[in-house]
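Number of protein chains: 2
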Amino acid sequence: MKIVVDAMGGDLAPDVVVDGAVQAARDLELEIVLVGQRGTVQAELDKHDRAGLPLTVLHASEVIAMDEHNPAAAVKALKDSSMVVAMEMIKRHEADAFFTAGHSGAALAAALFRLGRIRGIRRPALSTIFPSQTPQGYCFVLDIGANADCKPEYLAQFAIMGSVYAERVLGVLNPRVAIVSNGEEEGKGNQLVQETVPLLRATPINFVGNAEGKDIPWGVADVIVTDGFTGNVIIKLAEGVSRLLMDILKEELTSSNVSKVGALLAKPAFDSVKRRLDYREYGGAPLLGVDGVVIVGHGRSDAWAIRNGIRMAAQTVENGVLEAIKQGLAQRRG
Amino acid sequence: MKIVVDAMGGDLAPDVVVDGAVQAARDLELEIVLVGQRGTVQAELDKHDRAGLPLTVLHASEVIAMDEHNPAAAVKALKDSSMVVAMEMIKRHEADAFFTAGHSGAALAAALFRLGRIRGIRRPALSTIFPSQTPQGYCFVLDIGANADCKPEYLAQFAIMGSVYAERVLGVLNPRVAIVSNGEEEGKGNQLVQETVPLLRATPINFVGNAEGKDIPWGVADVIVTDGFTGNVIIKLAEGVSRLLMDILKEELTSSNVSKVGALLAKPAFDSVKRRLDYREYGGAPLLGVDGVVIVGHGRSDAWAIRNGIRMAAQTVENGVLEAIKQGLAQRRG
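Line order of the protein sequences matches chains A and B.
The opening residue of the first sequence carries number 1 in the working numbering; numbering runs sequentially from there.
The opening residue of the second sequence carries number 1 in the working numbering; numbering runs sequentially from there.
If you are wondering where the hints come from, they were derived from the structure by calculation, not from laboratory data.
Quick caveat, the model's predicted, so the values are computed rather than measured.
Hints are not guaranteed to be accurate.
You can't tell identical chains apart in this list, so a pair holds if it fits in one copy or across any two.
[Said to hold, decoys possible] Restricting the straight-line Cα-Cα distance to at most 20 Å, the calculated cross-link-like pairs of lysine to any residue (SDA-like) are:
(1) Lys250 - Gly137
(2) Lys260 - Leu12
(3) Lys188 - Ala65
(4) Lys250 - Ala263
(5) Lys151 - Arg119
Could you build the full structure based on these sequences and the hints that come with them?
Next up, the structure:
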């Protein structure tokens, strides 16, 4: 299998991306094409022992910045950017999947312009894995920002795509799907939620009803469907609340010598919590609904996260996610 | 000053409500009317030494349950409920403010039916104090559930009401007001946010722009304005994420004997974190936009939270919040 990787994407690119790609090629027996400025990428590659590993470099002279404010315009203007050149490879079926830790909005725009949507899909969705007390330790949330305003039909399609992904790639049997609402009871919700619920009931998924904010980390469902505005607020708020809690805790733990000793003894426990909440193990989340496999990693990805994101791209291909989504759509129409 | 208190409202009513009311009468020199089933409330009162305290009981034979699914219907049907009888007192100006730890939806419905809205206010809002790294240690969020679907004009009015409340009662000078969005940059947002921002710019408040989810606990603003759907998801998600983090931490801390010792030594620090995140110190949050002072406490309020909620009701009256909102509205129109 051949995975194309955006060597210039991510806060720590290209060095950690190249490092992660080398690890992926070695550990996972994948063929990898690194797209980016040849000189820089090659120099990074040369730092690694990669004898016999199927790693190649494809030149792309431009880079879409991580803080680009108008990603759609950037994708149009920067035709020789690593993001666009890599996406072209997928379009021409010269690679099986694309992984980038770059600008997620640019990945979305480039995928829409170059790959287009899966036939029948109204809108693609950005997704993420979110810590939760499910048996697998997380849930799968979408949309987290591709569509600030949604229609009921979009959410029903997100539910199918999320369900397919959770089952095929995350290995969750018959995943429970819930919709975010301002109350668990049937009938609660804004207009969008109220109009979406009947569609979800009529969709061939395991729909379990409304999920309140507190239920999401509490494991009430494996797939959490919401509009891109609410989804974006959810993942960023969770980040903010975790940071606030940890900061206050740190402050309090260093406020006395006894507490400091306590904190020291408790450090392995703290580290373990950090690991359990860590996105690095999953490495990325798919851009669902576009006609190709695109996995978007966290901007702050380190080499381990990159390696795992590339693994996720391979798993998405292996498990036939695109085909399964198409079947799911047909089933619903049928 | 005379505060009317819903003796039957809250998960732990009436005993903790009566206890909190006795504390408020003693500590804060307030006249308090407890509304509820006379026999039960009187029996609770008799457990306390309340010589000379201005506490009276007003009989109301019915109770609106905490888990009532249709609060508006309940308010209409249960005319002799503590919630409705207390609200009638405010309407007749027989008391200055109303505090309840009961069903917030029922408080909203009862206030709308009995008190009506402040002239010019399109929709009332439920609010809450939310932990944040502001100088005062929290921000003020509204709406958190009264209006699942909002129009830009509603949000602009929420901004005025929140700003007045933060300044008058929470003591924040020239409070910074932000609107929740899916990106900090101007122009980001769903349609509602994009249409609201120009109104906020034209409103005589200290509008500081968009707040992403992560910025809310991070102290970016003193007043956070959002629709009732998103607001509800925000406060409940924060509760869920905190609980998940603390549960995982507890689990990890008890997984080895060394960690256990660490946890023991660190306990005062943990307790301090808990206190800093504790709603009990504020006791309640106002229902803003109705023509009367109504403070809604957390359903799980204990006696200390009830006492502080009653204090907040008194402060809301003392600081002329209703008048100031009316002035703020007039200023905006002028």
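Query raised in the report: Tell me, which hint numbers fail for this structure?
Result: When the structure is compared with the hints, only number 2 turns out to be violated.
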